[in-house]
Amino acid sequence: MAAPDETGFAAAELGDTVAAGRGCRTELSLSFRDWVRPPDLMIGAVHAELMRVYFEQTIVLGTTLYALADAEVAAEGVVFLDGVAQYCNQLNTFPVTQGHHFQLLAARRAALRRVSVAEPVVLLTGLGHRMYGHWLVDFLPKLFLLHRAGHDIARLRYLLPTDTPDFARVWLGLLGIGADRIVAYDRERDLVACRELLVPTALRFSGRASPLMREARRFLLRRAFPPPRWRLGRRSATPPGARRLLISRSDNAGTLNRRTLAERAALEARALARGFEIVRPERLSVPEQVALFRSAGTVVGEYGSGLHGSLFAPSGATVVAFRDNGIELGFLQSSIDHALGHTSGYVFGTARDAQGFFSVRPQDIDFAFDWIDARGLR
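Plus 1290 on top of the position in the sequence shown (first one is 1) and you've got my numbering.
Do not rely on the hints blindly, as some may be mistaken.
Unchecked claim - Each pair of labels, with its calculated beta carbon distance range:
#, residue 1, residue 2, range
1, 1558, 1409, 49 to 59 Å
2, 1389, 1643, 24 to 34 Å
3, 1485, 1651, 53 to 63 Å
4, 1298, 1327, 42 to 52 Å
5, 1317, 1562, 45 to 55 Å
For the record, the hints were derived by calculation from the structure and aren't laboratory data.
Think of the CB as a built atom: it goes at the ideal place given N, C-alpha and C, for glycine as much as any other residue.
Required output: the full structure, derived from the provided sequences and hints.
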């Protein structure tokens, strides 16, 4: 365990803590080194630093299930062991990005209301638990790891903040996890003392997705939407994987990390002219959203949670993201797509201004659609 600093704050890397004997771990896949596959399309306001960041993450971390005795959980899913806050690279929590948040939380830990949980419980969520995209790429795939480790996910119990959105509870219900399996806590007031805490790691590590993401996708779909034994009636007039979708970015005022394409209207007009459907997934039920992406052969849109629905697009789909050229956004979209067997690319715009707007040249929009159409002729 790490020694406290001058303020009394102590933190450690969870993997190191467990390796020192404080808990158990089950390795579900191993780390490996691999160069990042280049984008299949890359046009627009590209600069050298952007490409350096794209290619610099050459390590894909392994996946693990941690079992921790006498652990505490606070906030959106911060783990304390013997009073020491636990970072974890495999959970995308790092001192450089979450250090201040962890220090503030540790300072008020003693004042939090202590809630005890006697039976084993799973820590599923973390930062971003109110955002749909994080549920798709960070939290739901953890259920596959629990299954891979031999657990029946319907019989486990799960810690969830009380402000977990309804869509997340719908997803859990579809996967066979009923409301009676949820242990809710107030992330602002509670410190949950767990006799045994199960912590599955993520299947993406910063901007790199694990190859297991494809198996996780298959697991989630088969469990939530099992295929019928018999197919009756006429086949759909639209072959699977044939639809061309433009994902319209949500105008929900509660959306965090706002990014807005200044040429959104022009993008939508050009998409319509090329035979795309403009869709707003947030207006659909969860089953309708999944069915929408499963029917898609091409998915285009602004980088964000809506586009992460490509997790359910069939292998061979083409995904193109419009985004600004800042380095902080990362490149998770293409890494997930490549892990799933998709073709994936980017159209880069300018840096975001103070209001979050970025701009893409009209000729780059046209080029992207020309490229998509050319792929369809192969």
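Of all the hints given earlier, name the ones this structure violates by number, lowest first. Hints that this structure does not satisfy do not exist here, as all of them hold.
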